[in-house]
Amino acid sequence: MKIATFNVNGVKTRLAHLLRWLEKEQPDVACLQELKALDEGFPADAIRAAGYGALWKGQRSWNGVAILARGQEPVEIRRALPGDEADEQSRYLEAAVDGLVVGCLYLPNGNPQPGPKFEYKLAWFERLIAHAATLVDSEHPVLLCGDYNVVPTDADIYNPRSWRKDALLQPESRACWERLLAQGWTDAIRQLHPDAPVYTFWDYFRQHWQRNAGLRIDHLLLNRKLAPGLRAAGVDTWVRGEEKASDHAPTWVEVDLRAPAARKRPRKS
DNA sequence: ATGGCATATCCTATATGA
Numbered sequence: 001m002k003i004a005t006f007n008v009n010g011v012k013t014r015l016a017h018l019l020r021w022l023e024k025e026q027p028d029v030a031c032l033q034e035l036k037a038l039d040e041g042f043p044a045d046a047i048r049a050a051g052y053g054a055l056w057k058g059q060r061s062w063n064g065v066a067i068l069a070r071g072q073e074p075v076e077i078r079r080a081l082p083g084d085e086a087d088e089q090s091r092y093l094e095a096a097v098d099g100l101v102v103g104c105l106y107l108p109n110g111n112p113q114p115g116p117k118f119e120y121k122l123a124w125f126e127r128l129i130a131h132a133a134t135l136v137d138s139e140h141p142v143l144l145c146g147d148y149n150v151v152p153t154d155a156d157i158y159n160p161r162s163w164r165k166d167a168l169l170q171p172e173s174r175a176c177w178e179r180l181l182a183q184g185w186t187d188a189i190r191q192l193h194p195d196a197p198v199y200t201f202w203d204y205f206r207q208h209w210q211r212n213a214g215l216r217i218d219h220l221l222l223n224r225k226l227a228p229g230l231r232a233a234g235v236d237t238w239v240r241g242e243e244k245a246s247d248h249a250p251t252w253v254e255v256d257l258r259a260p261a262a263r264k265r266p267r268k269s
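For the first sequence, the UniProt record's numbering assigns the number 1 to the initial residue and increments by one for each residue that follows.
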């Protein structure tokens, strides 16, 4: 089973890119962020025609997340991150597909920092950590994926020098990331590619794509039940090289849901 | 310190993103 996360930077503008990618890579589940469209503007018909069922949560101009499932309808679990009823931003969706629980998230960028946007980022991160704590030891396989807007370490960016003051590299942001992983989550890309740099985002400025000056900010985290089934992980970089591409590339994992989970007690022989 | 580019909307301007 292949599950991908893709910040499309405008689902209407990027529809042709999205459809080409779905056709070529055939992910079983695709989590999208930055729809930048209202619910009624989501191109559900075209996506259905491509063979995917979908859940989506839109918002005017900004944010917006969706979960696509090939040949079936994702079963909705929740449409918001718990913990703040007043939070109006469309940044979280959770669904079940073939017994896999998938959380699709778009963590706030947080720039400029310091300031209210950075405070919102950290508060949202705290809510994510609290919710993730209820999932990490679930008897069900769980994947939390999306645009986390965090560069975990300096090895996850081409050169941290000009980004030192950016919200994505702040010690507070990284501390939240570390606390999340410490619950017992597996960072799929880091697990399978511990040495070579892997990037998922290249900004539109200064020919960053042409220079491969990227950042790793799109992540897929596996809970304890799912982690033993991790088989492969990667980035579909060819999508970033297309004309008028999103500044993010789809990032994915392949998992075997039938793999036995790690046992808490020794197996009887 | 700024800007470089891209997207969406309240569009000869402004807010947001990372």
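I should point out that these hints are in silico values taken from the structure, not numbers from a laboratory. Honestly, I wouldn't trust all of these hints.
Each pair of labels, with its calculated beta carbon distance range [stated by the list, open to error]: (1) R79 - Y120: 33 to 43 Å; (2) E25 - H193: 15 to 25 Å; (3) E126 - R206: 13 to 23 Å; (4) G184 - K12: 30 to 40 Å; (5) E85 - W238: 19 to 29 Å.
Quick caveat, the model's predicted, so the values are computed rather than measured. Cβ coordinates follow ideal geometry from the N, Cα and C atoms, glycine included.
Query raised in the report: Which numbered hints are broken by the structure, listed smallest first?
Result: Failing hints, ascending: 1, 3 and 5.
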